[in-house]
Amino acid sequence: MKQRFSSLDVKVITQELASECVNLRVSNIYDLSSRIFLFKLAKPDHRRQLIIDSGFRTHVTQYSRTAATTPSPFVTRLRKYLKSRRITGFSQIGTDRIIDISFSDGAYHIFLEFFAGGNIILTDREHNILAFFRQVPAGVGQEEIKAGLKYTVSNKQNYDGVPNITADRILHTLEKAQAFSAKEENAPKKSKKKGTDVLRKALSQGFPEYPPLLLDHVFALKEFDTATPLDQVLGSQDLLQTVKEVLEESQRISNSFDSGDSHPGYIVAKEDTRPMPEGETSSKAPGLLYEDFHPFKPRQFENKPGVKILEFERFNATVDEYFSSLESQRLESRLTEREEAAKKKLESVRSEHKKRIDELKNVQELHIRKADAIQDNVYRVQEAVDAVNGLVAQGMDWGEIARLIEMEQERGNPVAQTIKLPLKLYENTITLLLGEAGDDEDEDEEFSSSDESDSDSENEAEQETARAERESKLLSVDIDLGLTPWANASQYYDQKKQASEKEQRTAQSSTKALKSHEKKVTIDLKKGLKKEKQVLRQARTPFWFEKFIFFISSEGYLVIGARDAMQSELLYRRYLSKGDIFVHADLEGATPIVVKNRPGSADAPISPSTLSQAGNLCVATSVAWDSKAVMSAWWAHAHQVSKTAENGSGILPTGVFQIKGEKNFLAPSQLVLGFGIMFQVSQESVRNHKQRFETPDVPSAAITQAEETEDSKPKEAVEPEAPVQTETTDKSTEEIKEDAEKEDAASEEEDEYDNAATQNPLQRGDSGLPTSQPAQEFVSESEPEEESKDELEQEVAEDELEGEGATSIAGQASVPKQSEEPNLNARERRTLRQGKPLDRPGEEEPAAPRLAPTRGKRAKEKRAAAKYAHQDDDERELALRLVGANKGKAAKAAKAAEAKEQREREAEAQRQRRRAQHERAAEAERKRQAQFTENGTDDYNEETAAAEAADLTWIPALVGTPTPDDEIIAAIPVCAPWAALGRYKYKVKLQPGSVKKGKAVKEIIGRWVSETTTGKVKKEYAEDIGISRVDAERLREREGELIKGWKETEIINTMVVGKVRIMTAGAGSASGEKSKGKGGKGGGGGGGGGSRGGKGKKK
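Just so it is clear: in the sequence shown, position 423 is 423 by UniProt numbering, and no numbers are missing.
Keep in mind that the hints were calculated from the coordinates and are not lab data. A couple of the hints might just be wrong.
Unchecked claim - Derived PhoX-like pairs (lysine-lysine); straight-line CA-CA distance at most 20 Å:
no., residue 1, residue 2
1, Lys996, Lys628
2, Lys2, Lys304
3, Lys1044, Lys1002
4, Lys1059, Lys1044
5, Lys578, Lys596
6, Lys244, Lys176
7, Lys344, Lys519
8, Lys515, Lys345
9, Lys999, Lys927
10, Lys345, Lys596
11, Lys343, Lys628
12, Lys40, Lys663
13, Lys2, Lys355
14, Lys663, Lys596
15, Lys1047, Lys1002
Values in this document were obtained by computation on a predicted structure and should not be read as measured data.
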């Protein structure tokens, strides 16, 4: 079985990795085991996982693996140098099994060695070693690997190029191999078999650039026998020429891999004749064992019985499938071993408890038999007791009594033969051999036969054998010499009763102890399985909309929302197209949401229920969730959303949009969300759900009626934006209109100022400031304090609006702050707005503090004024320059003037640069707005756009309740409004609470896993959904398998709110386990499981 790369494998995999991973950045590095490492590479909309197994392999994998919780020192050092670095190249060093990965245009290098023990070496630009996986001491044929030393690449195999294939080189290689073979044969104590591949081995050593398996392939193509002796090859020019042709063909095949980004791969597999354990699943083809992999189709394995060659489109996929299947087999075997060990431990405990109870039962049976034997042999027991008591009463020594009994036994005394030696006179007991009921006749026959044999005395050996057989059939009973036979029997009956009671107590305690031990073993097994790596599962490629907040509405519309300001920009520029709806709320922290219309039906209206669900999610993501305030969202058409300011002064900051025209307010939203499971089924299975979203088209009249209903409710009146008009000659008319508008605005401001205290505290912006420009209302993703993030765009707006004032963000008007002008009435504010000074009676400007003059300074100034009275200012300046008194001041003034001029030049250049950026952004915005009228599309990337359009075709295949006929591909967690989860099988209702989302998600997933893995499906549940119980069990098993494949760290980000309260749990499969009515510990709502689900406990 092939375990590591050959030089040809390194050559092919290097080219494929270069085409797939170059220009990706290292997002993180993890330990998978002591020698296997995972590099997570990413760029926008493109992620890869690179596996590096030191000394064995490296490839991009499609399988998800569990990484170590804490990084090793080597991984920590790699993260220090390589995290967030961009991969700029993959190359092979000569023809050696070494790959050079360069980062940041050669600033760092990683050298992967796939020979001997293997190694991973991190160097800087000059190849100075910074970190290494395995330290290598200096030795014969190997250089020392140590931190601080320089890694040499010039001494690697064929670093300066591959030498030509010549006859002299072939001859020299074969002669050297022949000499070595002869020396090896003459060496003593060598019992090795003569190899049949001496020729191939010689060529692979003399031409290391061609792997042995490649030579085997070419030998099979040329139909050349590799078992040909070297002497025969060296003695024939034809054979030498054939060998040269073999090497040239190998060179041609190797050179064919120099071009192209991908090459097909082949796996050599054998039929698996081993019995398949029940329930075993594997990622490879069933019934096959992988043996080898190649970048070419090996001729030597074709038409070989029991061997199958599997072809893959890319060599990287070949390597990934080969090694991942082997790794999966090892992981499964370790998990199976743990389970088997736990079962054996549990079985041993059970057998021990059973053995203990069986012993107590045997003791009871033995006591009954002894009591019955005493009663059946009362007279014989009495005789033996009287005989021994008589001898004791005579004062005979205990030893003498034993010898006397032994003598009497030899004489055949029936009473003495009943007594079993040794005696227990120190306990005042003796042991009698008594026959049980039914054995009396046999005893009489044995006694008579013994008498006859005694009179004959012919064969003492037969007598001893008969005696031993007789004793083995008799029961040994201890008799108390102080009690009568009946009292001894009664004593045994009492002991039987005590043993029976002890058995009952032991059985009860054993049951408890067994349950406790089973629980302990199960807990230990779960802990052990958690420590073990999970079985490999193929990683699912997520849809493009999964990076956003998303859900599928009850009518089948895709609803996506932004997680931050950058995603808001992405939603607007890439995914907001004609026919879509933009949903938002005037609440702090509210998420901008886009409702995508169905492809090909941009003019079709979107149902009000979908808009209501989108509004519910938008309000839930704001501060209204934590404050438990029921608020309203609003929606607008896609063409109403713009990034250009009202007066065309510039582009709004990141995450800020302007709505042109009227906002359509929705009804107040209930703060109820749901967390559920969306199943992805195959495209063929969609026909089982064809009636899911087939609803009649909503007529436009319905939308109009809904809008009129919404208009009747209190909402903010937003006037449509007036088009930009040219200048008119009637300036006096415009001035009159402006004065009238100013007076109206002033009166409105007085009313708003009086009612400022009653405004909504959840509204964005300063509630104390009036809104003077209702037509310019901007929608912001972040809080007002976060608006300083985009300082560049703010500076652009400030530069172009000099003298006019900057446009406010998020609905705030550009008026003086209250903190600067406290307690202003409406008239004073109007006076300030008209640019007139504020006249307040009784208020004077504070006078500057007067300092006391220095003593004698005034007289000195008078004398100087009288002395230089005849000089004017110019003459005085010239005189000061002549004496050098003003040299320092002049130099400082000149320097300050030069610095000021330099600052002005830099500021002007900066303004010009920002103005150019602004013009480019404005031009892009104009093109985007033109798309809505010209029905165009944003061709940002044709390949990406095609992939995203293909993802949208999967929306009908995302169902909430799969059927037994469906082919379930994946399970996707989703957090959505509760109304959108009506048809979901697994769902949980959420409301504002105090439980953190991480803990809530873990509890919900644990509950679902328990539902799908414990108990059995109820017969009533299967009948209600119209399927058989077997199909329901199979469906539930598949659902549970997908749920268990989730990673909690990835699922937690699906929850769009911070703290929740779990209200009810969706009983997905109605398992046979009875759940309690009330919510369990820390949990809410077990109402879905029991017959009468009680009210969920508050979290």
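Hints, one by one, checked against the model:
1. A threshold of 20 Å between alpha carbons decides the hint, and for Lys996 with Lys628 the separation of about 16 Å falls inside it, so the pair holds.
2. Pair hint Lys2 plus Lys304 holds up; C-alpha atoms about 18 Å apart against a cutoff of 20 Å.
3. About 12 Å separates the Cα atoms of Lys1044 and Lys1002, which keeps this hinted pair within 20 Å; it holds.
4. Between Lys1059 and Lys1044 the CA atoms are separated by roughly 24 Å; this puts the pair beyond 20 Å, and the hint is violated.
5. Between the alpha carbons of Lys578 and Lys596 the distance comes to roughly 9 Å, so the proposed pair stays at or under 20 Å and holds.
6. The suggested pairing of Lys244 with Lys176 holds, with an alpha-carbon distance near 17 Å, which does not exceed 20 Å.
7. At most 20 Å may separate the alpha-carbon atoms for a hinted pair to count; Lys344 and Lys519 meet this at roughly 15 Å.
8. Under the criterion of a C-alpha separation no larger than 20 Å, the hint pairing Lys515 with Lys345 is consistent with the structure, at around 13 Å.
9. For the hint pairing Lys999 with Lys927, the CA-to-CA distance comes to about 47 Å; that exceeds 20 Å, so the pair is violated.
10. Annotation: proposed proximity of Lys345 to Lys596 is violated, straight-line Cα distance about 58 Å (limit 20 Å).
11. Restraint check for Lys343 and Lys628: the C-alpha separation of about 51 Å exceeds 20 Å, so the hint is violated.
12. Annotation: proposed proximity of Lys40 to Lys663 is violated, straight-line Cα distance about 44 Å (limit 20 Å).
13. As the CA atoms of Lys2 and Lys355 are separated by approximately 50 Å, the hinted pair breaks the 20 Å bound.
14. As the CA atoms of Lys663 and Lys596 are separated by approximately 18 Å, the hinted pair is consistent with the 20 Å bound.
15. For the proposed pair Lys1047 and Lys1002, the alpha carbon gap of about 10 Å is at most 20 Å, so the pair holds.
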